[in-house]
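Protein chains: 4
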Amino acid sequence: MTQDRPRDHPLRRSCARRPLLCLLGVLALLAAGDLRASAQSADLKALIDDLVAANRILYRQGVVDGFGHVSARHPTQADRFLMAAAKAPGRVTAEDIMEFDLDAKPIDRRDRPIYSERFIHSEVYKARGDVAAVIHSHSPTVIPFSVTQVPLRAVHNTASFLAAGVPVFEMRRVAGMSNNLVTDAMRGRALAETLGDRPVALLRGHGNVVVGPDLRRTVARAIYTEVNARMLLQAVMLGGPITFIDPEENKLIEAGRGAQITGHSVDRVWQMWLEEALPGASEPAR
Amino acid sequence: MTQDRPRDHPLRRSCARRPLLCLLGVLALLAAGDLRASAQSADLKALIDDLVAANRILYRQGVVDGFGHVSARHPTQADRFLMAAAKAPGRVTAEDIMEFDLDAKPIDRRDRPIYSERFIHSEVYKARGDVAAVIHSHSPTVIPFSVTQVPLRAVHNTASFLAAGVPVFEMRRVAGMSNNLVTDAMRGRALAETLGDRPVALLRGHGNVVVGPDLRRTVARAIYTEVNARMLLQAVMLGGPITFIDPEENKLIEAGRGAQITGHSVDRVWQMWLEEALPGASEPAR
Amino acid sequence: MTQDRPRDHPLRRSCARRPLLCLLGVLALLAAGDLRASAQSADLKALIDDLVAANRILYRQGVVDGFGHVSARHPTQADRFLMAAAKAPGRVTAEDIMEFDLDAKPIDRRDRPIYSERFIHSEVYKARGDVAAVIHSHSPTVIPFSVTQVPLRAVHNTASFLAAGVPVFEMRRVAGMSNNLVTDAMRGRALAETLGDRPVALLRGHGNVVVGPDLRRTVARAIYTEVNARMLLQAVMLGGPITFIDPEENKLIEAGRGAQITGHSVDRVWQMWLEEALPGASEPAR
Amino acid sequence: MTQDRPRDHPLRRSCARRPLLCLLGVLALLAAGDLRASAQSADLKALIDDLVAANRILYRQGVVDGFGHVSARHPTQADRFLMAAAKAPGRVTAEDIMEFDLDAKPIDRRDRPIYSERFIHSEVYKARGDVAAVIHSHSPTVIPFSVTQVPLRAVHNTASFLAAGVPVFEMRRVAGMSNNLVTDAMRGRALAETLGDRPVALLRGHGNVVVGPDLRRTVARAIYTEVNARMLLQAVMLGGPITFIDPEENKLIEAGRGAQITGHSVDRVWQMWLEEALPGASEPAR
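Protein chains in written order, with the working numbering: chain P, 2 to 287; chain B, 2 to 287; chain F, 2 to 287; chain G, 2 to 287.
Since the hints were derived computationally from the structure, they do not count as laboratory data.
The structure displayed is predicted, hence computed values, not measured ones.
Fair warning: there could be bad hints in the mix.
You can't tell identical chains apart in this list, so a pair holds if it fits in one copy or across any two.
[Stated by the list, open to error] Below, simulated SDA-like cross-link-like pairs (lysine to any residue); rule was C-alpha separation at most 25 Å, straight line:
hint, residue 1, residue 2
1, K252, N180
2, K106, P152
3, K106, Q261
4, K127, P107
5, K252, G177
6, K252, M187
7, K252, V169
8, K46, D185
9, K46, A186
10, K127, Q41
11, K252, D185
12, K252, E171
13, K106, G257
14, K127, G63
15, K252, R174
16, K252, L25
17, K252, A278
18, K252, R199
19, K106, R37
20, K252, R111
21, K252, S179
22, K252, L182
23, K252, F68
24, K127, I108
25, K252, R231
26, K252, L24
I would like the entire structure built from these sequences, with the hints used as guidance.
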């Protein structure tokens, strides 16, 4: 094997001249590599824990039922994402989390069943470099907006991100009469195009897709999209003109959600959702 | 007793000639019979377990309350079906499961109370050879559709089977002013006629009947019929034209539900419903 | 004390003549009295248990919240009724049950607080000899019907008794501007008049009163009145003509509820409600 | 230090003349001070317990979710109020309760996060000497009334206090396009002005503020404001003219809520809410 190494490698030349310094350098490099690897592995472990929590939280908050899935982009490999094997989100554990590439192929499938609509995730990650998490759900009060002409718009601060507009994806335009499921890359790509640069799109007669810059914030978006849909439905029932959150207001509201500060915004609700969905798993009170 | 046996029975003649071979043959026949009987009894035991689970699941999911009942056709005797004694579905145990013939007569009643509307089940099994399970419920959001002119139609993928149309059974047409209950074979037959070859029919001011090709899938149908009714009600409240699931879409969606694959479709939700309705009874994670 | 006994009492004369027979007679009379008293006391004990269960059930089923009350006529003294001390129904225990006369005066108050609207109960018992139980609640979906012109009518079999019509009591007609509470006999009497011979009346902006021929059936009536109100509200939202349960149908439905048969009608749901509201208190499975 | 004492202090002169009497007097003064301090500290402790309970109750009753906050004026220092550190109300414990002055500055912050909208509380306490408790929530059914033209009005006795009128605060009028949050004193003051002398105001697209003369009664007001919003929404859906609680009726109803009597009004529901929100923390049954 050694004959493959280029004879003029600078490290080799240094080591030949200053063996002790060389040894120290090599040790330092190894240690740094170890630290990096171990930091990476801690990041991955933390993300997997959050992904399991996200599954359980979305179920407990009524956003997903037995169906629906949530994924997160890999913390160090941007062309991979993490998602559970095909299982009801409310039952997912760390052992179920698998890695997929951006063609939605599992890296290490073994014999586990996988979600047939994983192309929703792979195609959104391909199209949207800014997206670190994707949720697909049958969020119940969102669906009536997908089969009528009433646009889902923001009426509440906590869902102000809907002020960017919520497009509706119509599978018939893309695939004609079909099973209305995003079961291949073409359909996933078409959905990603409908989504554009927005945080939420609806799938007609099916559900929605919610994306965001990090997993916890995306979970909050999915939950408050449902909450806002209930409020908007009731406002429509009351009748008359409705005052929506203005896109300008949304910009200023979202600015305050950028950083995750202990006790504020997403962190405050995440700690509560976590405690309820996975009792005992919550982080120590801060 | 032996004189009743025909003298020329071939087995008897063989045995007379080759006693050892005969003995082996008899033993083999007995063993095969035992195996068959034991396989049948394992099938029956599994179906009874599923039927108890179905009762509990339908209650926990809000499809039945204290009233309503669910039955399954006998796994080996097509002219019999299994159903609980008269009891709130949420309290049913394996000991409550009884066998009925297609005249709705209990095979071994002992002194147990029986559902007065068991004719819903017997008459549907008679009329529909393709049906292996029948559910009658007061599914709450379904009932408003039974007393108005708004047809219950499919707006969501998971209830696409409603695209076949949902007829409403009006007891007054059949029995005039009555107690509005399906308490005899004539009424059951009329209801089965209204149902036709569809999966769901409503009973005006009373509830619905849901049928299917196997028990688990029928339970899923009953649950998603209620879910779809809630979504449709909200769509009607939003106003304007509604995009329904197309019968063509339904055909393609239903095709994917035919086989029960671990982790997919009905299996995925059944495992979750089971775990919640009967904690500890769920099958090992797969 | 003995000098107060009339000298010519027939028992006394007999006993003087036939002392042994007399002794046996006296013993028999005492035994019969004991039995009767003990049967009466068992009846009372059973009714108190049911009344505690009724309080808990009505809370768990969402008919009463912290307010509302339920009473039962005394099993042997028709001019008395049993009701809890002033306490949230969901917290009532056997120790809280008190006796009241038909002027709503507590028999043995000690220092317990009592419901200020107990006149609802006393005046209904006075006016309606056929009534053995009275429930007053803020049944949530019933109240919108009390402040609009839409009559609460029966759309579901289980609430067919509403086909008799549901009048609305307007306190302003009786007491002008008031605290809108039935805090004296005059107001109670006016409410009883509005109720007439029906099972349910609404109190405008306040709640309802539900009565019945026995406690368990009255509890079922209160629960299904709320269930029916939800269904009717949804039917109104769907729009168009509504098919109500016909008074003739109600007569035939109610006929089947007269007797309490194990496993049927009220008994079936009561056993379930009881098990949920007071785990461990349910009667052995039958 | 003693040289700072004025030489002609009357106590000093008395003590010089009558040392024994002086000693007794001093001891008495100290004892009285101790008693007063200890009574004050018991009051404070009881209020903190109630404030923790209020947080938990408002969460369990669905008035606050992860957001929202509740405060109480300090029992002895009218220019201070008590409120939790920035945390989901459903997770608040006694250790989280902090003291704030009327500029919304924490007295002893240490490194705890604080609610950014604490100015709602400080400015209302400044403007309203009669107010002893303030609740800000995203009470879900109240919000549709904040984005439509339908005023939130009283339809039910338990929320009769809404008969005083419920104004809607529009942040755009005060701060133009903003993050729609009450994050400074100017905005808080404007909100307090909109509130005026009423018990409840809505914040457009955001939530409400509820105030009252004591903490428990304010909690009941927040809960019944949500309950009443649900009832009014349903009444609007039923259509036609609605009979509201008359301001005159409200005056008479509120009169009966002034005193907190064991087993009546607010005390009755508080004991129930407490038992459910903090099992084991309820006061002994009375």
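Right, here's what the structure says about each hint:
no. : hint        : verdict
1   : K252 x N180 : between (38 Å within a copy, 8 Å between copies)
2   : K106 x P152 : neither (35 Å within a copy, 42 Å between copies)
3   : K106 x Q261 : between (32 Å within a copy, 23 Å between copies)
4   : K127 x P107 : within (16 Å within a copy, 47 Å between copies)
5   : K252 x G177 : between (37 Å within a copy, 13 Å between copies)
6   : K252 x M187 : between (33 Å within a copy, 21 Å between copies)
7   : K252 x V169 : both (22 Å within a copy, 23 Å between copies)
8   : K46 x D185  : neither (30 Å within a copy, 40 Å between copies)
9   : K46 x A186  : neither (29 Å within a copy, 43 Å between copies)
10  : K127 x Q41  : within (22 Å within a copy, 52 Å between copies)
11  : K252 x D185 : between (35 Å within a copy, 19 Å between copies)
12  : K252 x E171 : between (28 Å within a copy, 18 Å between copies)
13  : K106 x G257 : between (37 Å within a copy, 21 Å between copies)
14  : K127 x G63  : neither (28 Å within a copy, 40 Å between copies)
15  : K252 x R174 : between (32 Å within a copy, 18 Å between copies)
16  : K252 x L25  : neither (52 Å within a copy, 69 Å between copies)
17  : K252 x A278 : neither (31 Å within a copy, 37 Å between copies)
18  : K252 x R199 : within (13 Å within a copy, 33 Å between copies)
19  : K106 x R37  : neither (27 Å within a copy, 43 Å between copies)
20  : K252 x R111 : neither (45 Å within a copy, 32 Å between copies)
21  : K252 x S179 : between (38 Å within a copy, 9 Å between copies)
22  : K252 x L182 : between (33 Å within a copy, 13 Å between copies)
23  : K252 x F68  : between (32 Å within a copy, 20 Å between copies)
24  : K127 x I108 : within (17 Å within a copy, 51 Å between copies)
25  : K252 x R231 : within (23 Å within a copy, 31 Å between copies)
26  : K252 x L24  : neither (54 Å within a copy, 70 Å between copies)
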